[in-house]
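Protein chains in written order, with the working numbering: chain D, 157 to 502; chain U, 157 to 502; chain P, 157 to 502; chain X, 157 to 502.
Keep in mind that a hint or two might mislead.
In this list, chains with the same sequence are indistinguishable; a pair is considered to hold if it fits within one copy or across any two.
Unchecked claim - Distance condition first, Cα-Cα at most 27 Å in a straight line; then the derived DSSO-like pairs of lysine-lysine:
id, residue 1, residue 2
1, 416, 197
2, 197, 345
3, 224, 454
4, 212, 416
5, 197, 427
6, 271, 454
7, 196, 345
8, 224, 427
9, 425, 271
10, 181, 197
11, 275, 454
12, 454, 345
13, 261, 159
14, 196, 320
15, 271, 434
16, 434, 197
17, 427, 196
18, 427, 159
19, 196, 454
20, 434, 212
21, 296, 427
22, 196, 416
23, 427, 212
24, 197, 264
25, 434, 196
26, 297, 490
27, 296, 275
28, 275, 250
29, 181, 427
The hints are simulated quantities; they were obtained by calculation from the structure and are not laboratory data.
Model, not experiment: these values are computed from the prediction.
Protein chains: 4
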Amino acid sequence: MIKAGIIGSTGYAGQELVRLLLGHKDAEIVWYGSRSYIDKKYAEVYQNMFELVDAKCLDDNMQELADKADVIFTATPQGLCASLVSEEILSKVKIIDLSADFRIKDVKIYEEWYKIEHKSPEFIQEAVYGLCEINREDIKKARLVANPGCYTTCSILTCYPLVKEGLIDPDTIIIDAKSGTSGAGRGAKLDNLFCEVNENMKAYGVATHRHTPEIEEQLGYAAGREIRLNFTPHLVPMNRGILATAYASLTRDVSYEEVKAVYDAYYGKEKFIRVLEKDVCPQTKWVEGSNYVDVNFKIDPRTGRIIMMGALDNLVKGAAGQAVQNMNLMFGEKESEGLELVPMFP
Amino acid sequence: MIKAGIIGSTGYAGQELVRLLLGHKDAEIVWYGSRSYIDKKYAEVYQNMFELVDAKCLDDNMQELADKADVIFTATPQGLCASLVSEEILSKVKIIDLSADFRIKDVKIYEEWYKIEHKSPEFIQEAVYGLCEINREDIKKARLVANPGCYTTCSILTCYPLVKEGLIDPDTIIIDAKSGTSGAGRGAKLDNLFCEVNENMKAYGVATHRHTPEIEEQLGYAAGREIRLNFTPHLVPMNRGILATAYASLTRDVSYEEVKAVYDAYYGKEKFIRVLEKDVCPQTKWVEGSNYVDVNFKIDPRTGRIIMMGALDNLVKGAAGQAVQNMNLMFGEKESEGLELVPMFP
Amino acid sequence: MIKAGIIGSTGYAGQELVRLLLGHKDAEIVWYGSRSYIDKKYAEVYQNMFELVDAKCLDDNMQELADKADVIFTATPQGLCASLVSEEILSKVKIIDLSADFRIKDVKIYEEWYKIEHKSPEFIQEAVYGLCEINREDIKKARLVANPGCYTTCSILTCYPLVKEGLIDPDTIIIDAKSGTSGAGRGAKLDNLFCEVNENMKAYGVATHRHTPEIEEQLGYAAGREIRLNFTPHLVPMNRGILATAYASLTRDVSYEEVKAVYDAYYGKEKFIRVLEKDVCPQTKWVEGSNYVDVNFKIDPRTGRIIMMGALDNLVKGAAGQAVQNMNLMFGEKESEGLELVPMFP
Amino acid sequence: MIKAGIIGSTGYAGQELVRLLLGHKDAEIVWYGSRSYIDKKYAEVYQNMFELVDAKCLDDNMQELADKADVIFTATPQGLCASLVSEEILSKVKIIDLSADFRIKDVKIYEEWYKIEHKSPEFIQEAVYGLCEINREDIKKARLVANPGCYTTCSILTCYPLVKEGLIDPDTIIIDAKSGTSGAGRGAKLDNLFCEVNENMKAYGVATHRHTPEIEEQLGYAAGREIRLNFTPHLVPMNRGILATAYASLTRDVSYEEVKAVYDAYYGKEKFIRVLEKDVCPQTKWVEGSNYVDVNFKIDPRTGRIIMMGALDNLVKGAAGQAVQNMNLMFGEKESEGLELVPMFP
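So that you can see chain D by itself, here it is in the shape it has in the complex (with noise of 0.2 Å):
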């Protein structure tokens, strides 16, 4: 039975991992930590864990902590984890950041889009980026694993293949995304109210968006050298779900049959990446509740485009769903274990 703590488990993030740790047959939570409900019964706090969840919420003792588990998950504000771990801490427990303090590997790069100073430097180049369906034999190594942000993982998954095997121009990418409200957190802002994102849209973060690094670093990767990208997160009036739209110029004449094809070879034999048929474009209510990504797109002959697409439930393979799937690895149990969840409709 591998032992769990989450740091930050009053966060919507946090209390999907509960939802989706009380799942799980190999693993049990033994830490609910929670700074700004210290001592409250976690399930006052989530009235759906009501006789699902009896403890209470604990400190942010990362210390006592490592003692206690053998996994402990951040799901905490930017430069919390960066500040709390040490050697002593990694030498006696795995840590899942699901911020961002180690998934950019150029520090400077993180201090500049984060604003903050990065705490910890020395465990940046250890950590592993936990994309699970691209690095997941060094995350089955692991003692630190920055879990990707949310915008990130459907983008870079709806790119990669094409990336990667040169077949459009990483330079010319434009992502479009458009998000749940959950991803914007439990905090009580005037702008996350009900009646200010109800029968709304906007975009934000226009050209400044934190999550642009983080996209640019992972597919220059499979580009084999930098790129620079366009990346614009947009407000949508639901709670989950993330919808990537991306365009590209392709690097050459091709049909549907051969970009199928590549999507296939990379991800054929991913469980949780599903490449739709022809013409069917992802939705996100068809993967919400669910690890899946949902992937397809189309050539545009006209523009010498093609448009990818993408959804996820922002919560789940964007967050606590892939912090997961990054345990399962880690720990050598059956990669989807407490993850095989058929997605809600409606």
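Guided by the hints, dock chains U, P and X onto chain D, whose structure is given.
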């Protein structure tokens, strides 16, 4: 392995049955019936099932199905199950009918409220009303189970203990119920279009809704006599969820503790009924995707009335979940098998 | 030209006042009060007003405002208006208070339900309850109008004719009301976040909501005696709209035509109250953005009860629209000036 | 008084025309055309119009209508207007066609994208493309106006100044557009059911949507040559609103101030186009119910691209509002008559 056939598998309730049975370790679906989509791949009708269900939709052939299956779920419009069932079929296969055909013991009341002739009244007496927490022992022995309606499950479970114990006058019961739109089915009707439902709320079927006599009959059994009550359903702009707010006059002065003790006596050991803590009002979101019913109450000493509240997911405990729970009881399975779903939030 | 000042202009009701007054041909806004946003451009707080309102937000200085304005709207939390009003101010300016401070004649009831001390009980008797269709003549002469609550306007107008005519027993009235989320205000509270409200429904303030004594007082005047009733509000995932479903026992056998005639006698000439045709249930969407209240009823001969239904837009007839209607009456304007808004659908 | 007839008055755009014309001081509706609801009271089809519209729906008799009306609005499916118009009719009455029949000058492109034969190509040259801010003077003299599409109005106005001034390379334009569901019309289709749209997001018509050639033609005029671009529409769970996010490569280094000056030069005096302040992203809610288009932009020096954004209400500026604006221009009315609507928030 229980072989299950579904007639009406492409409605919302039918699809939810598929979702639940895919997660049931001792059941497999052998027949995806759908008169509207014969020969079409099921996963093309419900793309969330892509790569999860490979089968095609089949016609509603109950004769053939009776030979292939151990249990048939009929998730069909009123009248269909009654027109298909026969002694020969019931001798081969168990039936769980999600329609109203066998819910009401008095065939005249059925025909009056549903405006159709009942085609097999000879099975009405045999049929067991499948409200698991009330009729558990009878269900275990049944060949034919009438799966309760969504509104009725919520309404009956919310009021049952106080009616049974005589703490409220059953003729003063007023149930004001609110439902998400999936309860209206997947038919392409103008009234159910997004733009007609979103940002809107209305009552419908006022004083005439067909779930009224079903609630009256069942609560009448609890009261030990015939009763008459008011039931008003409302359509709410959300996909899933029913909330019942029920009002009744108390028959005597009672304290919070007394009433709480009554609810606990009836439901304290029930896995799927959660009696919430004092002053916590049920919310539909806290049970979404799960088989739970959350109930609570508030005494109003000013008026001598009690307000009882219940919330469930209309597609799970209100339809497919309860149907699986009935199947488990009928086949000697663990009652919660396939139903240990943590509510999804947000 | 009526010079209007608004204290609390950056709440949802305050902003709706701005929207309506911008379309009023004889009124201009001279003061955009907002303690939270002093010196900030109003159109930066509400970008829908960009290029429409050039003013900055000002502090809540009622003394200064009394010199500049002909009418002051206070769209503020309970207690503020009562703490600011004085004989000197009322000698200079008319006040329309959108808070509850002057709605309830018995100060003890006010203090009991609102848990605050009333700072100017001397003006309670003078204040006129601004339910235009009931108290029109008194409003015309008033200096201080207590603008009714959103739930109360809907509830009272729905039941009023039948209480007044003695067709229902007022002590049997149960009002089950449902409201969009704008009624909860623009405060940044966790409970009002999009993800907490969307796809969710709940009752709140059960047996304790502050609009209860207000409804009881007003319907008590119609009944000619004190009454006690149940009122339960619910939060619905939509921005605007209140639907009240009210139940009461009939005092005698009545026909549809009799009851319809009673409603028509009271409301037939009222521009803003629409008695719908037989069997048409009010829907909130049909009045959205307008000052209308749609009402209708259904007799249930089985139980001897009648179900009365009413729908309005909580920010218009339930707040700012009725406030403007009151202003029009107080200043001898055409009652519907600035309020001839066609409901927006969808 | 302008006598207006509406063919297709019971679609969402037709109904919005009714809403707007009811508030127009110099127009009256003399014909509520609706083939689907002949002889039914208009207010029974749209209950928001109860007591506001007393008329019944009439058949689509353009001959008779031409004698009774000064202007005919055709809010009908593609092909209908082209099949009804004639020289005789145009000699009697002005026509504003909300369908696509006369938007595209090259009849072959129309027939290719719309898959129907054009029944009156002889009027295509005469028809004026009714984008008021661009073609104002021609509209004033027109007999036949082709009212632009909703996506196209938003897309063109968002990009127009920079194309016209040569600041962007028009062949690099990628428009990623998001629309509320009212754009899909009031037809009872499964895809537009509440439960299919709510909590969901998808692209559709990828690389094949019919608004593509319309945008290309109009921006081609601005560019002075033929252009090819990508346009991808998405369906969003909201009733109203279109948001266009457009990307293009800059042709040279430009500063924020330069680009702002270009937008201001084109739109500074336009009542219905609001160029927002620096870093304020357009939101659909800020224009809901009004005739405004909000536009803004962000330069991305990293990629040499500019992101242009525009938001409008698809039923107002994207359909009925622009149609009324066109009518005002054609009849010498004040351009904003009937359209001075403050956006409704929330």
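### Query
When no copy is named, should residue 296 and residue 275 be tagged within, between, both, or neither for a Cα gap of at most 27 Å?
within (26 Å within a copy, 62 Å between copies)
### Message
With identical chains, the pair residue 224 and residue 427 could be close in the same copy or across copies; at 27 Å between alpha carbons, which is it: within, between, both, or neither?
### Response
Neither: 32 Å inside a chain and 30 Å across chains, both beyond 27 Å.
### Task
Can you give me the call for residue 181 and residue 427, within, between, both or neither, at a CA distance of at most 27 Å?
both (19 Å within a copy, 19 Å between copies)
### Message
One pair to classify: residue 427 and residue 196, alpha carbons no more than 27 Å apart. Within, between, both, or neither?
### Response
between (38 Å within a copy, 24 Å between copies)
### Task
If the cutoff is 27 Å on CA atoms, where do residue 454 and residue 345 land: within, between, both or neither? Let me know, please.
between (38 Å within a copy, 25 Å between copies)
### Query
Are the CA atoms of residue 427 and residue 212 at most 27 Å apart within a copy, between copies, both, or neither?
Classified as between: cross-chain Cα gap 21 Å, same-chain 35 Å, threshold 27 Å.
### Query
Is it within, between, both or neither when you check residue 196 against residue 416 at 27 Å Cα-Cα?
between (51 Å within a copy, 23 Å between copies)
#### Entry: Up to 27 Å CA-CA - residue 196 versus residue 434, copy category
Answer is between; shortest inter-copy Cα gap is 16 Å, intra-copy 51 Å.
### Task
Classify it for me, residue 296 with residue 427: is the Cα-Cα distance of at most 27 Å met within a copy, between copies, both or neither?
within (17 Å within a copy, 38 Å between copies)
### Task
If the cutoff is 27 Å on CA atoms, where do residue 425 and residue 271 land: within, between, both or neither? Let me know, please.
neither (40 Å within a copy, 40 Å between copies)
### Query
Is it within a copy, between copies, both, or neither that the alpha carbon of residue 434 lies no farther than 27 Å from that of residue 212?
Between copies only: 19 Å across, 49 Å inside.
### Task
Indicate which option fits the pair residue 275, residue 454 if close means a Cα-Cα distance not exceeding 27 Å: within, between, both or neither.
The answer is neither: 44 Å in one copy and 32 Å across copies each exceed 27 Å.
In the structure shown, a violation is registered for the earlier hints numbered 3, 8, 9, 11, 13, 14 and 24, in ascending order.
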